[in-house]
Amino acid sequence: MTTAKPVNQRAWWLVLPVLISVAFSALIPLMTVVNYSVQDILSPSQSVYVGMEWYKEVLRDSDLHSALVRQLLFSGAVLAVEIPLGVALALAMPAAGWRSSLVLVLLAMPLLVPWNVVGTIWQIFSRADIGLLGYTLTRFGVDYNYAQSSVAAWCTVLIMDVWHWTPLVALLAYAGLRAIPEAYYQAARIDGASRWAVFRYIQLPKLRGVLMIAVLLRFMDSFMIYTEPFVLTGGGPGTSTTFLSQYLTQKAVGQFDLGPAAAFSMVYFLIILLLCFVLYNYIKDVGTADRSSS
Amino acid sequence: MARIELVDVGHSYSASASAPAGQSDALDWALLPMTMTWADGGAYALLGPSGCGKTTLLNIISGLIAPTRGQILLDGRDVTLLAPEHRNIAQVFQFPVVYDTMTVFDNLAFPLRNRQWRTPEVRTRVHEIAEILELLPDLGRRARGLSADAKQKISLGRGLVRPDVAAVLFDEPLTVIDPHLKWLLRRKLKQIHQQLRLSLIYVTHDQTEALTFADQIVLMTKGEVVQAGTAQELFEAPAHRFVGHFIGTPGMNFLDCEWRDGAARIAGTQIVTASGGIPPAGAKLLIGIRPEFVELHDHASANSVPARICAVRDLGASTMVQLQLGPAAVWAKLRNTRHVPELGPVFAHLPPVRCALYADERRVA
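Here the protein sequences come in this chain order: Z and F.
Residue numbering for the first sequence follows our numbering, starting at 14 and increasing by one per position.
Residue numbering for the second sequence follows our numbering, starting at 2 and increasing by one per position.
Do not rely on the hints blindly, as some may be mistaken.
So these bits of chain Z aren't anywhere near chain F, every CB distance computed over 10 Å [claimed, not checked]:
#1 Pro19
#2 Val28
#3 Met65
#4 Leu85
#5 Leu104
#6 Ile215
#7 Gly247
#8 Val266
#9 Ile285
Listed below are several chain Z residues computed to face chain F (Cβ distance under 7 Å; list not exhaustive) [as the list claims (entries may be wrong)]:
#10 Ala188
#11 Ala192
#12 Ala196
#13 Tyr197
#14 Gln199
#15 Ala200
#16 Asp204
#17 Ala206
#18 Val211
#19 Tyr214
Treat the hints as calculated values from the structure; they're not laboratory data.
Glycine included, C-beta positions come from ideal geometry on N, C-alpha and C.
Could you put the whole structure together from the sequences, leaning on the hints where they help?
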C-alpha cells in the first residue's frame, strides 16, 4: 500500500534569489547581446532589424576563422603543457611538514598576480634590449625578439601562461593526491607494483575528478584569454597572437560594429559551451568504458 | 606454509632509528617489545580496542613498517629487512582496495603480472582463485562498480593469487560490509583457510567475530599482547584484568581483597582461589570471577560473602542479577533458574576453581 505524499511546491520560492541574481548577472546581459546581434544600430535612437545577417557575415569572416584556429591551437598547447606539468609538480611536492607549506605558498604566488601585471612583467622580462630573459637569450646567440618573430611571440605568450597557471593545476592535483588513502599504496607495495604502475593504476584514476576540473578551468580561461597577450604583444607581430577575445574587442570597441560584435559574442559563447560539453563528457567516461578481459 | 616468529619485536612511531638499549624505556612504544610465534596454518584473531597496536603489529609482519627493534623470521629465515613484495604474505585492508580502472580479471592478475608471469599461466591461476572466491561471473566486469563485499573479495583474491603466499593478514576486513553479508564472507574465509591451508591473522575489535573465526585469540591492549590462547582459555582463565573485562558480556567481576595470614580475604572472609601462588607484597590485589560462575545461596558457607540483590533482569535464557557486595557492584548471570531471586540480602558463593587472584592486574599462577 502506498500513501500519497502531500504535494508541496512552495520550496521553489527558495530558488528565487538565485534566479534573480543569475538574471541580472547573466540572462539580461546575454539577452541584450542577442538583441544587438539581430539589429543594425545606426544611432542610439535608430536601429533596423536585420535577422541572421550579422551571423552570416561573422561566420564568413576569414579573420575570425584564423583567430579561431589560433585560439584552438593556443588552448590545446596550454592544456598539453600545463596538465602534465602540474601533475608532475604535484607528484614531486613534499607530502607533509614545513617543506610542503613552503612549496604551497611559493607555488601559489603567480596565482596572486593580476593579469595585466603578469603581462607587464613578461613584457619587460622578455625584451631583447633590457629584459633578463630576452637579453640573456640574445647574448647566447638565440635569435629571440617577440616583437618581430611570431614564433618567439607565441612561445612567450605560452610560457607566460604556463608560468601563471600551472600552479593552479599543481595545487588541484596535489589536493587530489593527498586524498588517496594510504591503504592503496600499501596494497600496491604488497602486490609488487612498480612506481609507474602506482601512478597509472592508483594515482591517475583517483585524480580524474580534479583533473577534469583543471582541464575545464584551464580550457575556458585560456579560450577567453585577453589581458596578458594584449599587454605583452598587442596581438602581434601582425595578427600572429590575436586570439578571439582580442579580435572581438577590436570589432566592438575599436570599430564600434556592435551588431557583428554581438553576433560574434554569441558564436564565441556557443563554441565555449559546446567544447566544454564535449570535454566534460569525454573526460567523465575516460577509463570507465568496459573493456573485455584478456 | 610458514611459521611466523617475532623475536623481541617492538615499534615506536616517534623514533625512526633504533634507539640504544639504555634509552629504549624512554621510547613511546606503539608496540611493546614482544616475542611470539604464529604456528603454520593457524587461524589467529588479533583482538583489542582501537589504538592498541593491532594494525602496527600487522604492518610489521607484512613489511609495510620496519620495526624499531627486533627480528621477524618466516620459517626461520630472517625477513626483517625484506620489502613487502618479497615476503610471501598478503594483506587485506579495512577498506576494499581495488584498482578502479581495471577489470576484476586484471585486478587479480596484477600481482602476477608485476612478477613477470606469462599470460597463459596468469589466466589459469586467476581462474582458479576466482572460482574459489565465486568471482568467475564478474571477471570481465570493471571493479569500480562492484559492491563492497565483492571488492573485498577481490582484495583478498589479489593476495591468494600468488601461489607462494603462506599467510594472509586481515585488518578489520568486514568493517564496511553489510551485516548479512559479513556472515557469508566470514564463512568463505574459514573455507579458504581449510582449503588452502594458509595461516590467517585477523585483526578486529569485534569479539564475536574473533571468537567465531579463530582457533587462537591474541588479545592486545596499549601496545602489549596480554594473552594468547583459545576462546575457552581466555574466557575461563584471563591472564590479565583487561582480558576479563574485554571478553564476555558482561565482563569479569573484580573484587578488592587483602592478603592476610596466607590467604586472600574479602572483608575478612577467607576466599580460596584457583591461584596457588603467593602474590608479591605491596601489589594491589583483586579477586576475579566471571558473572556466569557466581552462585547465590540463602545461607552462609565456605567461600561465600554476604551481599544484597539490587536488581534482577530476566534475559530469557538467563537471569542477570546485580549484587551489592560491600562497596562493589557485582554481576551474577544465572542459568536454569526456576524462580526469580528476590531483592534483599543473600550470600554470594564464589566457587574456588572459578575465581582467581590478580596482583597488579595480572593473574597469580
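Could you tell me which of the hints above the structure violates, numbers in ascending order? Hints 6, 10, 11 and 18 contradicted; others consistent.
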